[in-house]
Amino acid sequence: MAETSDDLSQPAQRGESRSQRRRKWAPKVRTGCITCRARHVKCDEARPSCRRCISTGRRCDGFGQTSSTTGLGALSHQPVSGVTPLYAEASMQEKGLFYVFRTQTSHQVAGTFEGTFWSVDVLQACQMHPAIWHSATAIAAMQIRKLSGQNVEKSEHIISTYDELALKQYNKALSQLSQATKRPDPSFEDQSLILMATVLLLGFSSLRGNFNEAKFFAAHGLRLFKKWKFREAARKWRPTLRNNVISVTSLITLLDQIQIQYAWACRVQEPMDDALTGIKKNVSRLPFESMTDAYHELQALQSVAVRLIRAWGYECMNFDIHAYGNARKTWLHNLSVWKSKFAQLRQLAGDDKNKLKPLLVLQMGLISLQTIFQVDRGINELCWDRFITNFDRIVSIAQQLMELETDASEKQGNSNPLFTFAPSPVGTLYMVASACRENEIRSKALSLLKRWRHRDGMMDSGMLAAMAEAKIQLEEQGCDSVELADPSQCNCMLKFYICRYHRVMETGVEFVEDGLARLEVGTFEKMGTLPSLKTLVVKWDI
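Numbered according to the numbering used here, the sequence shown spans residues 1451 to 1992.
Misleading hints may appear alongside valid ones.
[What the hints assert, rightly or not] No farther apart than 20 Å at their CA atoms in a straight line, the calculated lysine to aspartate or glutamate pairs in the EDC-like style are these:
| # | residue 1 | residue 2 |
| --- | --- | --- |
| 1 | Lys-1622 | Glu-1682 |
| 2 | Lys-1989 | Glu-1663 |
| 3 | Lys-1803 | Asp-1770 |
| 4 | Lys-1989 | Glu-1963 |
| 5 | Lys-1676 | Asp-1635 |
| 6 | Lys-1677 | Glu-1739 |
| 7 | Lys-1596 | Asp-1964 |
| 8 | Lys-1945 | Asp-1964 |
| 9 | Lys-1596 | Asp-1613 |
| 10 | Lys-1900 | Glu-1919 |
| 11 | Lys-1984 | Glu-1919 |
| 12 | Lys-1622 | Asp-1640 |
| 13 | Lys-1805 | Glu-1890 |
| 14 | Lys-1789 | Glu-1739 |
| 15 | Lys-1686 | Glu-1639 |
| 16 | Lys-1984 | Glu-1970 |
| 17 | Lys-1984 | Glu-1956 |
| 18 | Lys-1989 | Glu-1956 |
| 19 | Lys-1945 | Glu-1855 |
| 20 | Lys-1686 | Asp-1635 |
| 21 | Lys-1665 | Asp-1964 |
| 22 | Lys-1807 | Asp-1743 |
Bear in mind the hints are in silico, worked out from the structure with no lab data behind them.
Please construct the entire structure, taking both the sequences and the accompanying hints into account.
The structure is reproduced here in structure tokens:
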């Protein structure tokens, strides 16, 4: 909405004076931050936030990148970029790759919420830290290599050239990251840059389809995050972090997302003390300023929920039920506050179609979070049956998101699979396809998972679809796959109901090689006993 002034209450006076005034000439605003361009005022272009926005108490939305023609010929373009020592010393080939990262990759990985973080913060960090620079150029090279592989007319020579180029940049990034990590007592800003480089290297491994390597970088980043007590330091020094190159809130949200995925992939368990570090005692009740703010808070809630669940299993007999009860109570209070603020955000959004997608993503995340936190895990899988309504709502929202994404891809000429660091429905759809035993809902979830073709951090829709399908086939085979001590106990109904004894529970996953994994599941042949373990070999295309 355009900015207004109090003069609107006196239209007659404005009309009388209009003919007497001549507008002072000024150049049209073609550069500057998004906020200043929208207000049609001159921007001083200070970074990361312009002084004009800060002085007027406005939120500076950063410096969006203009769209440009992209493709395999992008390496011949000269990037429009500030001259820094790192950029000046880069080869022409590296500058071309950075151009691809700036004009293509940064927009693709941002998704719905983190546009400014990727289009401003990360691009600035690329030119400040060698590990980030080479990680970004490695991702750009691998992205071009993937596009080359989809084009049957491209020769194997071109594909191998970009493979070599990507690995060369990757090795440079590893070397720089290793040196940076070994330095004693890095500053908070240095820590944030090291963590960002680690996230990018995880993304490179994910883009390659090497999930063992992605797990390594996830473990490395999370270990540093814990060692440096990065979350606590960010809270302590928040008032002084305005000049930090990387948005600390966005970086922590990224690491929270990785922590959730790593906990699933590795079945991580942790002490209660570690689980409590992410819980805020006094959350703000002020309305969300943006969809991104709502996403940041929801991601933090999801991270705490996962850690509390893992802590429950870790503590076993020595579990501090009092500490857990207090933590759960605080978490539920924080979730209630978030839901209230989200309701206000939805009301303000009204019928704005541009805000429909982020609202749907947040709504799906909320339903998924409530389901995971409320489920009462026992020694069988019947606990999921009370959430059929939630599963149905999740699938309905996913169908709407699929339609929106298909429309956007067709308009922009994009093709899947899409590599992103943004929240996507693939993890939630996997939960539905795995845990929901209502056949129609489950089948829809699996179908959507196969069609989505997303890579979200450590999550790959093809991998998750293959795992879910393997579990479904095992359950539907029923008595042929699991021999009960007393067959009369089985009350399965084909394509309608799966009894408690023929349900399987996922207990672990091992990535063997690219496109191949072993999925460990538990079966319940006998009442009152722990599940017996089976291993399913799962394959998918990378």
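Results of checking the hints against the structure:
1. Restraint check for Lys-1622 and Glu-1682: the C-alpha separation of about 31 Å exceeds 20 Å, so the hint is violated.
2. Using a Cα cut-off of 20 Å, the hinted pair Lys-1989 and Glu-1663 holds, with the two alpha carbons roughly 18 Å apart.
3. A threshold of 20 Å between alpha carbons decides the hint, and for Lys-1803 with Asp-1770 the separation of about 47 Å lies outside it, so the pair is violated.
4. With a C-alpha separation of about 10 Å, the suggested pairing of Lys-1989 with Glu-1963 holds against the 20 Å cut-off.
5. Annotation: proposed proximity of Lys-1676 to Asp-1635 holds, straight-line Cα distance about 15 Å (limit 20 Å).
6. Simply put, Lys-1677 and Glu-1739 have alpha-carbon atoms about 32 Å apart, too far for the 20 Å limit, and the pair is violated.
7. For the given pair, Lys-1596 sits about 15 Å from Asp-1964 by alpha-carbon distance, which is consistent with the 20 Å threshold.
8. The straight-line distance between the Cα atoms of Lys-1945 and Asp-1964 is roughly 33 Å, outside the 20 Å bound, and the hint therefore fails.
9. Among the hinted pairs, Lys-1596 with Asp-1613 is consistent with the structure: their alpha-carbon atoms are about 9 Å apart, no more than 20 Å.
10. As the CA atoms of Lys-1900 and Glu-1919 are separated by approximately 10 Å, the hinted pair is consistent with the 20 Å bound.
11. Taking the CA atoms of Lys-1984 and Glu-1919, the gap is near 15 Å; set against the 20 Å cutoff, the hint holds.
12. Our distance criterion of 20 Å between C-alpha atoms is met by Lys-1622 and Asp-1640, whose separation comes to about 18 Å.
13. Distance restraint check for Lys-1805 and Glu-1890: the Cα-Cα separation of roughly 30 Å exceeds the 20 Å cut-off, and the hinted pair is therefore not satisfied.
14. Between Lys-1789 and Glu-1739 the CA atoms are separated by roughly 15 Å; this keeps the pair inside 20 Å, and the hint holds.
15. Between Lys-1686 and Glu-1639 the CA atoms are separated by roughly 14 Å; this keeps the pair inside 20 Å, and the hint holds.
16. The hinted pair formed by Lys-1984 and Glu-1970 meets the criterion: a straight-line CA distance of about 6 Å does not exceed 20 Å.
17. At most 20 Å may separate the alpha-carbon atoms for a hinted pair to count; Lys-1984 and Glu-1956 meet this at roughly 10 Å.
18. For a cut-off of 20 Å, the pair hint linking Lys-1989 to Glu-1956 stands: about 17 Å separates their Cα positions.
19. A C-alpha spacing of about 31 Å is found between Lys-1945 and Glu-1855, which places the hinted pair above 20 Å, so the restraint is violated.
20. Of the pairs offered as hints, the one joining Lys-1686 and Asp-1635 holds, with about 17 Å between alpha carbons and a cut-off of 20 Å not exceeded.
21. At most 20 Å may separate the alpha-carbon atoms for a hinted pair to count; Lys-1665 and Asp-1964 meet this at roughly 13 Å.
22. Taking the CA atoms of Lys-1807 and Asp-1743, the gap is about 15 Å. The hint holds against a cut of 20 Å.
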